[in-house]
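There are 4 protein chains.
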Amino acid sequence: MSGLRIGVLVAVCAALCAAIVLPAARPAPQPAAAQASASLTNDPKLIEDLVYANRILYDQDVLDGFGHVSVRSDKDPSHFLMSRSMAPALVTSNDIMEYDRNGEPVDARGRISYLERYIHAAIYRVRPDVKAIVHSHSPEVIPFGVTGTILHPLYHMSAFLGAGAPIFDIREGAGATDMLVRNNAIGDALAKSLGSSYVLLMRGHGFVAVANSIPRVVLYSIYTPINARLQAEAMKLGAVDYLTPEEATKAAVATDAGVGRPWELWKSRIGKIE
Amino acid sequence: MSGLRIGVLVAVCAALCAAIVLPAARPAPQPAAAQASASLTNDPKLIEDLVYANRILYDQDVLDGFGHVSVRSDKDPSHFLMSRSMAPALVTSNDIMEYDRNGEPVDARGRISYLERYIHAAIYRVRPDVKAIVHSHSPEVIPFGVTGTILHPLYHMSAFLGAGAPIFDIREGAGATDMLVRNNAIGDALAKSLGSSYVLLMRGHGFVAVANSIPRVVLYSIYTPINARLQAEAMKLGAVDYLTPEEATKAAVATDAGVGRPWELWKSRIGKIE
Amino acid sequence: MSGLRIGVLVAVCAALCAAIVLPAARPAPQPAAAQASASLTNDPKLIEDLVYANRILYDQDVLDGFGHVSVRSDKDPSHFLMSRSMAPALVTSNDIMEYDRNGEPVDARGRISYLERYIHAAIYRVRPDVKAIVHSHSPEVIPFGVTGTILHPLYHMSAFLGAGAPIFDIREGAGATDMLVRNNAIGDALAKSLGSSYVLLMRGHGFVAVANSIPRVVLYSIYTPINARLQAEAMKLGAVDYLTPEEATKAAVATDAGVGRPWELWKSRIGKIE
Amino acid sequence: MSGLRIGVLVAVCAALCAAIVLPAARPAPQPAAAQASASLTNDPKLIEDLVYANRILYDQDVLDGFGHVSVRSDKDPSHFLMSRSMAPALVTSNDIMEYDRNGEPVDARGRISYLERYIHAAIYRVRPDVKAIVHSHSPEVIPFGVTGTILHPLYHMSAFLGAGAPIFDIREGAGATDMLVRNNAIGDALAKSLGSSYVLLMRGHGFVAVANSIPRVVLYSIYTPINARLQAEAMKLGAVDYLTPEEATKAAVATDAGVGRPWELWKSRIGKIE
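One line per chain: the protein sequences are A, B, C and D, in this order.
Be aware that the first sequence starts at 357, since it is given in this note's numbering, and climbs by one per residue.
Be aware that the second sequence starts at 357, since it is given in this note's numbering, and climbs by one per residue.
Be aware that the third sequence starts at 357, since it is given in this note's numbering, and climbs by one per residue.
Be aware that the fourth sequence starts at 357, since it is given in this note's numbering, and climbs by one per residue.
None of these hints come from the bench; they were simulated from the model.
Mixed in with the good hints there might be a few duds.
One copy or two, either will do: identical chains are not told apart, so a pair holds if it fits within one copy or between any two.
Said to hold, decoys possible - Each computed EDC-like pair below joins lysine to aspartate or glutamate, with the alpha-carbon atoms no more than 20 Å apart:
{"id": "1", "residue 1": "K401", "residue 2": "D451"}
{"id": "2", "residue 1": "K628", "residue 2": "E404"}
{"id": "3", "residue 1": "K606", "residue 2": "E528"}
{"id": "4", "residue 1": "K548", "residue 2": "D451"}
{"id": "5", "residue 1": "K628", "residue 2": "D463"}
{"id": "6", "residue 1": "K628", "residue 2": "D485"}
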């Protein structure tokens, strides 16, 4: 065999090795990261936090197939951002849509919106301090909403419950319904029930939590069901010494200040998205 | 050594590399998907949903080693489909069998049937609106069945409980038994107890859920134990404001309409089968 | 370069490829399966089931770092087999030891035995029908043992509780102790409390379950804590309709007969051992 | 082509194969184990146990994003070791810092300390028998602290509760606060409440556990919430027969002696760190 042919055989060998080994050694490259919705000009960090909030709340059993989380727009404070209607577990930055002050999508492009976006729109309209909102069907609070039992802060982690979580009964806003906040009128009634609190129970439905940042609304949403579970137990043991109003105010400041650590831990459990 | 031999050695090297690396780099191909039972002419999508229902109900702790789910045949509405007797966690399309109106297998071919298939047969006979049935031993409902406590809908997610879940006591149908629905006579007594409801508790046994589709019967089966758990808690807190009959009717329509999203989420947790 | 040198270079290339790729492609072979204890002549299937029982009971949260399971020897019915003292989660066939009728190891070879093996020895001595025993610290039964509340079968899955589970208070057997069954005298007092039942609660300690096979004692051990949890809930709802004696007897026969399916499912969750 | 060039090509082929396959076949070597903090001269085994304690307590749901564990220094018994302020789930040996008798870091180098280190400092000052301390927000104990209900040992596993766990109400030490032990004055009040016990509940906050070794303080911290959960259930069933003082003393000795087995099991669940 000629030297040329040998060289060709060797090169073929190397090429064959490369062709076989290379794809195995380097897994097929991940699909190119989906482009963030072209029309959104918001701070990408805000959108990333909103996506993480969706994933964390699912991971922490606060949201299941239902429920949603939103954030006030940093570009236009009368607008807010929320995922299109889908399971929070699967939300990516590509699913985030912008809504106007009435809860209507700015640029739907055929994407379906959450039916109960009016919960968010109504609260943003009357609470300028609120920057993020969660609506959850978390089971643990249901017994409180259906018995008119007020949730009070049992410990410093749920100090944000303050003087107690009010309860919204949709019958007061709209008579006999299917329990869903389907329009701004019901949304306004709900926001009125919320008042200046950070958590509102919804009879026969779930709860709403509001805060001045995404990490904080996620913390409130995780600790509200925990407080419900513990308060139910405590009430069976005897008279309960809740946090006093002064303790609740001070502890809420401390817990708010320390939200960075659990936020990073919750994010680390999710890992990289996309 | 001749050029020819060198070429052979190089080729052997390349082949050796390929023979070693290729199987390691590319996992052995999955076994060819099992053939769906040759005798079934039903819509493959129906069979696939039935298989997923088995897996989802196990994943969601509604079925353990016991319990079963069936669907009315789309080819012959007096017949129904159900897995052969085995743990729901492991059901594949190859395990699905067809049953006649009396709950007897059409083409057993030596495969064992679930002993309590008469629960399904009896209900399909008297409820033309029912297209899918689940029988579960889910623990959370047991305390209700053994104390004669009626399950009422606490929130919109369990609105399908309507005016409350009736309770079947097998002693009324068959005296002292081993608690199992072993024949059509007991099945008929059970179906009579169910009436027009979507959920029936079975004293000292578990529950049955029925619906007009597989995704809906799965949703009812997942939320029935949750409602039981929450109702037990609520009853300890005080007088309970259940959904009113009108709220339950309206909310059930809304929840039924929205079953697609949780169904897809539950399927995504299972992933590809086979 | 000479043909010889080319051949050598090619061979070196192949050898280098092999040396690099082979270890990566084939993970280091598993250590040769540990030899079953040379001195045991028991049916290997019996030993395998015993190992699986350890793993299953840990997987099902019946055993944690403590507790143990044994089986009567098929070679000498006055002897029994049990793991050396270690966490059940980690037991392999190599850890199984043989014990005589007094609970002393036949061939210790330096291996430490479970301190409370006398629970097993004492029961095997007086219950010829018993072939397998589990001792568990499962928390759910503790409230029953410390309040003298009898566990009764709530549903067919726990029918083996029969007329109710007796409670052993070690003070009656041995005065003030550290709660552990450290010798045959205490073991005899415990076996006397067990009587002809299949489950015995131990005040301030846990429970013991006995059966005529390993799969059945595992089933009894899994469903005893579940029954405890449900009975606690039921008793808060109202007067409880337990299984009648006749129902319990009949249902126990049916559940015993059907133990194969959950046993295979529990084993499949463990997978291959070693 | 010359023999030399062929040889070069073959060598290049082999080198190319090696360069491609080697990194894929052998995952990038772990970062060189982080150097233990250069300034710490403690027994590396002590530091390793402290790191494991952090990971185990998170794995066992005793610590979440908050709470901490410390160990008395083996070099200077007036000092103690604890991680810098971070989530216990992520602690490595590199995060361990040394604190003096007042709870101030010996060599901070810019690292932030846990705000509530004064809990640990104060207890080490007055309890020479204590070698390790855990502070946890574990929810299960909260109902007891807020209702003044004393935790008593229900079974041998929680015998360390002895005559009952005292409750510290921070209002007695410092009036209306944010519930946090922010200085040595509050720490001293807390240590006084602890007295000679091994567990102290903190109203509206959580609990503290102390022991003479890291494995034991981890065991106490895991079984305290379990005892709380069971005691709540038992109290609903009837009058509770807790361990008598003599039983508790004896059982605590036995459980302490046997801590090695669960400690190894808990460590095996964590696996290798770094």
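The hints, checked one at a time:
no. : hint         : in the structure
1   : K401 to D451 : within (15 Å within a copy, 28 Å between copies)
2   : K628 to E404 : within (11 Å within a copy, 29 Å between copies)
3   : K606 to E528 : between (34 Å within a copy, 17 Å between copies)
4   : K548 to D451 : neither (30 Å within a copy, 48 Å between copies)
5   : K628 to D463 : neither (28 Å within a copy, 34 Å between copies)
6   : K628 to D485 : neither (31 Å within a copy, 46 Å between copies)
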